[in-house]
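Let chain A serve as the given structure and place chain B on it in line with the hints.
Residue numbers (our numbering), protein chains in the order written: chain A, 113 to 226; chain B, 153 to 265.
In case anyone wonders, no lab produced these hints; they're calculated from the structure. All values derive from a computational prediction rather than experimental measurement. Where hints are given, some of them may not hold.
[To be verified] EDC-like, lysine to aspartate or glutamate: derived pairs with alpha carbons at most 20 Å apart:
| id | chain 1 | residue 1 | chain 2 | residue 2 |
| --- | --- | --- | --- | --- |
| 1 | A | Lys153 | B | Glu194 |
| 2 | A | Lys153 | B | Asp154 |
| 3 | A | Lys169 | B | Asp154 |
| 4 | A | Lys153 | A | Glu197 |
| 5 | A | Lys121 | B | Glu194 |
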Amino acid sequence: GGIITQTPKFLIGQEGQKLTLKCQQNFNHDTMYWYRQDSGKGLRLIYYSITENDLQKGDLSEGYDASREKKSSFSLTVTSAQKNEMAVFLCASSSGTGGYAEQFFGPGTRLTVL
Amino acid sequence: GDSVTQTEGQVALSEEDFLTIHCNYSASGYPALFWYVQYPGEGPQFLFRASRDKEKGSSRGFEATYDKGTTSFHLRKASVQESDSAVYYCALGGAGSFNKLTFGAGTRLAVCP
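Isolated chain A, as found in the complex (with noise of 0.2 Å):
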């Protein structure tokens, strides 16, 4: 087994700011993805990494920057806070690449913009 772990839990910030969130996972998968969740929204994905330094654009990428400096590791940059912005970002790894593996999820870290 293994787990992903989201690190802050809950993140404050103001207009503006630049905010980063972190995501480690002990699985060693090789695909680490970042996934906003807006309530009535499901999931969108923002980016996606399928090995180290690698970095690729998902469906809500603007305003997002990502960083793979490490397998096990997967860091995302809110860049330019909305106000009133309130969303949890997910963390998940996959192994593999074909399409037909299953995402680990860590808890998530919810953001509050005032």
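Below, chain B without anything else, positioned relative to chain A:
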């Protein structure tokens, strides 16, 4: 592009009721279809998957059958319990997609004792 539609945003049932959550998809070829479940304060958990027409996936009493003809993968359970209260997500992935998933909007299930 690929898309997943879950008809019900919220479902309220009593214990031992029969559950159906409808999921329809739009995609080319033969995508893999998944159900995930999310409990409060946690990330989604994989429930089960199916990857070919007429294949049935199942876990923890839940089941769904891949139907390419109706492009559906409806979730069913014969007798729900209060502990099944959660948000359920239908998702699709496909060959060569690096395991990227397209999720539906989710269905919140509330089961009353």
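Evaluation of the provided hints:
1. Lys153/A x Glu194/B: Measuring from Cα to Cα gives roughly 17 Å; hence the hint holds.
2. Lys153/A x Asp154/B: holds, 15 Å
3. Lys169/A x Asp154/B: holds, 16 Å
4. Lys153/A x Glu197/A: holds, 15 Å
5. Lys121/A x Glu194/B: The hint holds at about 11 Å.
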